[in-house]
Amino acid sequence: MRTQLLAALKEADDYISGQELCEHFGVSRTAIWKAVKQLKEAGYVIEAVQNKGYKIVSTPDCLNTAELESIRKTKWAGREIFYFDTIDSTNTKAKQLAEEGVKELLVVAQDTSIYGRDIYGKPMLHELLKKLCAVEGIEWIKLLYCYAETLTDETIQAMAEEDKICKYIDIPIQHGSDTVLKRMGRRSSRKLITDKIAALRKAMPDICIRTTIITGFPGETEEEFEELADFVKELRFDKLGVFTYSPEEGTPAAEMKDQIDERVKEERKDYIMELQKTISAEKCSDMNGKT
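Just so we're aligned, residue 1 is where the sequence shown starts under the working numbering, counting upward by one.
What the hints contain is simulated information worked out from the structure, not anything from laboratory work. There could be a bad hint or two in this list.
Claimed, not checked - List of simulated lysine-lysine pairs, BS3-like, C-alpha gap at most 30 angstroms:
no.	residue 1	residue 2
1	Lys130	Lys265
2	Lys257	Lys290
3	Lys191	Lys103
4	Lys55	Lys103
5	Lys95	Lys131
6	Lys191	Lys142
7	Lys164	Lys122
8	Lys182	Lys131
9	Lys182	Lys103
10	Lys93	Lys130
11	Lys182	Lys93
12	Lys233	Lys277
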C-alpha cells in the first residue's frame, strides 16, 4: 500500500483527499493512514490538511536538491514510465516488458544510487540490477543520474560483473570547486567526485562517464572558475555538457548576491567547451582501430 500511495501522491499536482484515495485503492481510511505514517517514518514530509487531504512536501531524495533547482513534475513524450517499487515487483514488470519485445531498460531517478533506501532502509540498487540482468530477453541496462556521494561500491561491482549493464554512467557534478559546490547546496566535494570516478575507471577501464557542469553560478570568482577548468582537464570526461546558470524564480540562488554577468557566463562556458573538444578529439583518436 505504501508504494502505491507514494506513486499517487508524487503524480498529484495538489492535495488528494482521503476519500479519493480510499475509492481509488479500494481500502479503508485506516489503511491510508497507516501508509502515510510509514512514508513519514521513511523520511517523507507529508501535509495532512482537513477538508483537503494529503500532499508530499519533501522526500528523502530531495537531500540532493541544489540551491538552484526547483522540483517539478515532468513527462517524457514517447516513453512509458514506471515508478520504482520493490525489487520483486520491478523485476516482474521487466519480465513483462521483455515478453513485449523490449530489449533495453533505462534505470533513472532523481538519485538512482539510493534506490531501496525508502523501502528497505538502505541502498539496494546493486540487488535490483542483478535481478534485472537475469531477465531473459533484456539485453542492455543503462544507469542514469547517479550521485558520486551515494554511488556504492556494491553497485560499481555489479556494473563491472554484469555484461548486460552498459559500461556507461551519468553522474551529476555541476562544478569542480568546493566553495561553489557548497553554495549550490551540493553534498559532494572535488575529492569525493575524483575518488569515485577513479573507482569506476579502475573497475571498468572502458567505462563512458557523462556529466554536466554550470558556469556563472552566483559569486563564481575567477579562481573558482580556474578550479573548474583544472577539474575538467584532470578528469577528462567522455561526455560533458555545459550550461550557464539561469536564475529561477523561487530558488535561493536567484536571491543570492554577486550574480554573474551574462557575457562572462557565456565566455566561461565557451572556454570549458573548447577544453572538452580537445579532450573528446583525443579520446576519439584513442579509439581508432578498436571495436
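Going down the list of hints, with the structure as the test:
1. Lys130 <-> Lys265: Between Lys130 and Lys265 the Cα gap is close to 43 angstroms, so the pair fails against 30 angstroms, i.e. violated.
2. Lys257 <-> Lys290: Outside the cut-off at roughly 50 angstroms; violated.
3. Lys191 <-> Lys103: violated (37 angstroms)
4. Lys55 <-> Lys103: This hinted pair is violated, its Cα atoms lying about 36 angstroms apart.
5. Lys95 <-> Lys131: Holds: Lys95 and Lys131 sit about 10 angstroms apart, inside 30 angstroms.
6. Lys191 <-> Lys142: holds (26 angstroms)
7. Lys164 <-> Lys122: The given pair, whose Cα atoms are some 24 angstroms apart, holds under the 30 angstroms limit.
8. Lys182 <-> Lys131: violated (37 angstroms)
9. Lys182 <-> Lys103: Status violated; Cα separation ~40 angstroms.
10. Lys93 <-> Lys130: Holds: Lys93 and Lys130 sit about 15 angstroms apart, inside 30 angstroms.
11. Lys182 <-> Lys93: Between Lys182 and Lys93 the Cα gap is close to 39 angstroms, so the pair fails against 30 angstroms, i.e. violated.
12. Lys233 <-> Lys277: At roughly 11 angstroms apart (the allowed maximum being 30 angstroms), Lys277 and Lys233 satisfy the hint.
Figure legend: structure checked against the earlier numbered hints; hints not met, in rising order: 1, 2, 3, 4, 8, 9 and 11.
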